[in-house]
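Asker: Position chain B relative to chain A; hints supplied.
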Amino acid sequence: MRSIWRTLREDLGKPLARDIALVCLADGVVGLSYGAISVGGGLQVWVPVLLSLVVFAGASQFLFVGIVAAGGSPIAATIAGLLVNSRHVAFGLAVSDVIGGGWKKLPGSHLMTDENVAFALGQDDLRRKRAAYWVCGIGIFVCWNLGVFAGARLGSVITDTDVFGLDAAFPAVLLALVLPSLRDKATRTAALAGVVVALAATPLLPAGLPVLFALVGLVFYRVQQPVEQEVVR
Amino acid sequence: MTNPGLLLVAVLILAVGTFSLRIAGPLLRTRFELPERAEKVMSAAAVVLLAALVATAALTAGHGAAGIARPAGVLVGGVLAWRNVPFVLVIVAAAATAAGLRLIGVP
Chain A
1 MRSIWRTLRE DLGKPLARDI ALVCLADGVV GLSYGAISVG GGLQVWVPVL LSLVVFAGAS
61 QFLFVGIVAA GGSPIAATIA GLLVNSRHVA FGLAVSDVIG GGWKKLPGSH LMTDENVAFA
121 LGQDDLRRKR AAYWVCGIGI FVCWNLGVFA GARLGSVITD TDVFGLDAAF PAVLLALVLP
181 SLRDKATRTA ALAGVVVALA ATPLLPAGLP VLFALVGLVF YRVQQPVEQE VVR
Chain B
1001 MTNPGLLLVA VLILAVGTFS LRIAGPLLRT RFELPERAEK VMSAAAVVLL AALVATAALT
1061 AGHGAAGIAR PAGVLVGGVL AWRNVPFVLV IVAAAATAAG LRLIGVP
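In order, the protein sequence lines correspond to chains A and B.
Every letter in the first sequence is one number past the one before it in the working numbering, and letter 154, counting from 1, is 154.
Every letter in the second sequence is one number past the one before it in the working numbering, and letter 57, counting from 1, is 1057.
Please keep in mind that the hints were generated in silico from the structure rather than gathered at the bench.
There's no promise every hint is true.
Below, in silico cross-link-like pairs of lysine-lysine (DSSO-like), each with a Cα-Cα straight-line distance of 30 Å or less [stated by the list, open to error]:
id : chain 1 : residue 1 : chain 2 : residue 2
1  : A       : LYS14     : A       : LYS105
2  : A       : LYS185    : B       : LYS1040
3  : B       : LYS1040   : A       : LYS104
4  : A       : LYS104    : A       : LYS14
5  : A       : LYS129    : A       : LYS105
6  : B       : LYS1040   : A       : LYS14
7  : A       : LYS105    : B       : LYS1040
8  : A       : LYS129    : A       : LYS104
9  : A       : LYS129    : A       : LYS14
Just chain A, same shape as in the assembly (with noise of 0.2 Å):
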């Protein structure tokens, strides 16, 4: 095991090694306030922890938890995730032969996430990708589950977590995540009409269905065509 670690340090070099342990950093603390925010929205400890192991999705868990927080039914809150990771099938085939055959496609395929796909979507060789992909995804779910429980346990010792602002701190964290996405205009034009239907529907609707119906927005949702053909006659 070792040796294993070794060779995949060798094979990373010390800028890469050292841009993921910040990433793995990064995310510990991103999992802390997870961890509390959770259980300070009214959660006990087992639902924040249970969902950082078995789903291991960031984005979808703080809209689960979100959703079932703001008193949601968890079967909106359910879909809701799976739309969000549906990414992941894309990741899949862009990273399969990175993740390797046989049984390492099992935990390899748990341990995907948008920051160890990117990390070896970066790198040149296939050896390269293999370490990058492997040790930051390895990286992240140590980090990640630590931070979750720390913050779980946390939390729960903080009794009204709106006094320290916690309330504040998750909306900043997810708009911190998709706001690169948001420079595309297709995708911003989609995500705002989106925000508009959810927050007109928030008064109509029982908790967790307005974000469901913000995917109307998507009716906006252009992809940019080549437009030389109109352009010939």
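Answerer: Coordinates of chain B only, in the frame set by chain A:
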């Protein structure tokens, strides 16, 4: 609060579903590629859902409005994130703004 049994089932369904989505790619190992358009719509759908959650979590509480302190904190965090300030500071600044405003009596 929500029924714990139902909550547990929901968590497990989300777990099994997420794992299925993740392993679909490696199982369909052949050089099959998702149509580009479908891929784009899927990632846009994820952003739409998350943006809607940001808006509702920041601006609403129950069926009404959330007051001033919370949206103000989220706004401060959002501006810092936009300026590429490290994640940790975004979280701390958002929470501190909301907590500070409440301390001086802003709802």
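Asker: Confirm or reject each hint.
Answerer: Against the structure, the hints come out as follows:
Our distance criterion of 30 Å between C-alpha atoms is met by LYS14 (chain A) and LYS105 (chain A), whose separation comes to about 27 Å. As the CA atoms of LYS185 (chain A) and LYS1040 (chain B) are separated by approximately 13 Å, the hinted pair is consistent with the 30 Å bound. Distance hint between LYS1040 (chain B) and LYS104 (chain A) is fulfilled; the C-alpha atoms sit about 28 Å from each other, no more than 30 Å. For the given pair, LYS104 (chain A) sits about 26 Å from LYS14 (chain A) by alpha-carbon distance, which is consistent with the 30 Å threshold.
As the CA atoms of LYS129 (chain A) and LYS105 (chain A) are separated by approximately 15 Å, the hinted pair is consistent with the 30 Å bound. As the CA atoms of LYS1040 (chain B) and LYS14 (chain A) are separated by approximately 34 Å, the hinted pair breaks the 30 Å bound. With a C-alpha separation of about 25 Å, the suggested pairing of LYS105 (chain A) with LYS1040 (chain B) holds against the 30 Å cut-off. At roughly 15 Å between alpha-carbon atoms, LYS129 (chain A) and LYS104 (chain A) fall within 30 Å of each other, so this suggested pair holds.
Between LYS129 (chain A) and LYS14 (chain A) the alpha-carbon distance is near 15 Å, which keeps this suggested pair within the 30 Å criterion.
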